[in-house]
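Chains as they are written, first to last, in this note's numbering: chain A, 6 to 285; chain B, 67 to 239.
Please keep in mind that the hints were generated in silico from the structure rather than gathered at the bench.
Everything numeric in this text was worked out from a predicted model, so none of it was measured.
By construction, the Cβ of each residue, glycine as well, lies at the ideal position given by its N, Cα and C atoms.
It is possible that some hints are incorrect.
Unchecked claim - Quick list of in silico lysine to aspartate or glutamate cross-link-like pairs, EDC-like style, CA-CA up to 16 Å:
1. B:Lys91 with A:Glu271
2. A:Lys172 with B:Asp97
3. A:Lys116 with A:Asp137
4. A:Lys269 with A:Glu226
5. A:Lys160 with A:Glu136
As the list claims (entries may be wrong) - Far from chain B, some chain A residues (derived; all Cβ distances over 10 Å):
6. Asn63
7. Asn79
8. Ala85
9. Ser189
10. Ala222
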Amino acid sequence: MGNLFQFLLRFRAFIIFGILQILCFWLIVRNNQYQSAAFFTTSNQVAGSVLATSDDVNDYFFLGDQNKSLVMENAQLKEALALKKLDTISNQISKTIDTVLVKQFEFLAGKVINKSVHWANNYLTINKGYEDGIENGMGVVSAEGVVGVVKARSKHFSTITSLLHSKAMVSSLIKRTGDLCSTSWDGESPSTGIVQYVPRHVNVKKGDTVVTSGYNAIFDEGTMMGIVDVVELPENAAFYNIKLRLATDFNTLSYVYVIKNRLKVEKDSLEQNIIQQNGQ
Amino acid sequence: MGNRKLVIHLVSFIIYLTVQVLFMKNWVLYDTAFCFIYIAFLLLLPVELPITILMILGFFTGLSVDIFYDSLGIHASASVLIMFVRQYYIRMTSSRIGMESADPLTLRQRGIEWFSIYAFVLILIHHLALFFIEVSGLGMFWFTFSKAFFSTLLTFIVVIISQYLFYSKKRAK
Chain A
6 MGNLFQFLLR FRAFIIFGIL QILCFWLIVR NNQYQSAAFF TTSNQVAGSV
56 LATSDDVNDY FFLGDQNKSL VMENAQLKEA LALKKLDTIS NQISKTIDTV
106 LVKQFEFLAG KVINKSVHWA NNYLTINKGY EDGIENGMGV VSAEGVVGVV
156 KARSKHFSTI TSLLHSKAMV SSLIKRTGDL CSTSWDGESP STGIVQYVPR
206 HVNVKKGDTV VTSGYNAIFD EGTMMGIVDV VELPENAAFY NIKLRLATDF
256 NTLSYVYVIK NRLKVEKDSL EQNIIQQNGQ
Chain B
67 MGNRKLVIHL VSFIIYLTVQ VLFMKNWVLY DTAFCFIYIA FLLLLPVELP
117 ITILMILGFF TGLSVDIFYD SLGIHASASV LIMFVRQYYI RMTSSRIGME
167 SADPLTLRQR GIEWFSIYAF VLILIHHLAL FFIEVSGLGM FWFTFSKAFF
217 STLLTFIVVI ISQYLFYSKK RAK
């Protein structure tokens with residue numbers, strides 16, 4: 006027994022070093038999971054308010070840029086509205102519109118108070134929390150395109166797993182051909198994405214638009230992902246190598262919308278049923 | 067450790083952390099070089115503290131930074147690592163030069179040569195650990211390595227400048 010204590014005393018530095026490192030790696034692994042507790046993230050109240058204050062000060066330096074992006078968004082919305090008007094005029098014999106489907110998606114605006122783009126796993130923090138109706142797993146978009154998914158939230162703040170994350174993957178479509186694919190990040194440049202699983206028979210061209218598919222009930226269908234930039238088709242490969250110019254400019258991102266899908270639970274439970282039935 | 071020293075270190079901890087999360091966090095040069103000035107706090111902790119306390123301090127310092135970077139455990143792990151290495155490094159180099167090993171670890175006390183090598187080695191170890199744990203693997207080796215290397219240079223330069231600015235002779239007395 007005495008020997009054991011002697012041993013522990015002699016190597017206490019190594020032992021404590023080992024214990025602390027194991028603790029750290031346990032935290033890292035836990036943090037990498039899809040959702041996590043808000044306490045140890047930027048959505049914790051103290052960190053959140055510090056970052057919000059710092060962002061308030063920072064804002065004054067970027068007023069011009071923000072104005073510009075808001076004006077652009079306004080222009081796009083006006084355009085969409087005009088198209089919509091035209092549509093209703095041409096369809097005078099109006100169909101009965103399913104009000105549930107029309108109001109399926111609700112958009113909650115939030116301000117980005119903290120973000121990173123230079124790491125292998127990037128996150129954003131916004132100034133909306135569960136008091137505003139935000140839940141884990143909700144999709145987040147900007148005026149330009151997809152941003153990410155809510156990871157953790159506290160009363161007034163939420164942490165968002167950015168699309169610029171090594172594990173982020175969004176089900177998408179090539180708009181022109183309608184083929185299903187998956188979009189993720191290339192891990193280096195904050196403006197480049199990768200499109201996977203496009204089979205070789207599909208005719209993809211540079212300049213094609215990639216949008217969300219809406220199959221996963223997180224993002225509504227047709228939200229911009231980006232524009233195809235480089236298309237490669239290696240010999241004997243089953244799928245294309247496609248590089249995408251991401252629609253969202255993460256460097257200047259300042260306002261985002263969190264998507265609340267009213268029918269998500271219904272859709273998920275229905276699909277869950279089918280998956281279970283097939284499994285048996 | 068006297069009370070006065072304790073207060074100085076506590077205040078410097080708060081200042082370094084504030085500077086780190088409010089300013090340095092938004093400052094990335096050429097998309098590759100990051101500055102982690104908070105390491106200076108760990109580098110300057112008194113020599114007479116036992117290694118176990120040093121590692122625990124490193125752990126909590128790293129954890130505080132992690133909360134603001136949403137990188138739970140990564141800074142903590144790298145900080146514990148350099149606190150572990152630090153003790154052996156100081157013991158090894160101080161005895162060789164014949165320096166009084168209880169002297170504070172500032173540039174003024176230890177001289178530019180000793181301090182800059184000490185700071186550079188530990189910052190390099192910290193940054194290599196940090197960036198490679200962050201990408202969790204050796205994929206994209208050179209991309210990650212260049213980030214770690216240029217960040218080391220930037221942090222090192224800022225640490226040396228801060229030594230000249232805030233730990234000058236007049237202030238220390």
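Structure-based check of all given hints:
no., hint, in the structure
1, B:Lys91 with A:Glu271, "42 Å, violated"
2, A:Lys172 with B:Asp97, "21 Å, violated"
3, A:Lys116 with A:Asp137, "13 Å, holds"
4, A:Lys269 with A:Glu226, "13 Å, holds"
5, A:Lys160 with A:Glu136, "5 Å, holds"
6, Asn63, "7 Å, violated"
7, Asn79, "28 Å, holds"
8, Ala85, "34 Å, holds"
9, Ser189, "14 Å, holds"
10, Ala222, "25 Å, holds"
Of the hints listed earlier, those the structure fails to meet are numbers 1, 2 and 6, in rising order.
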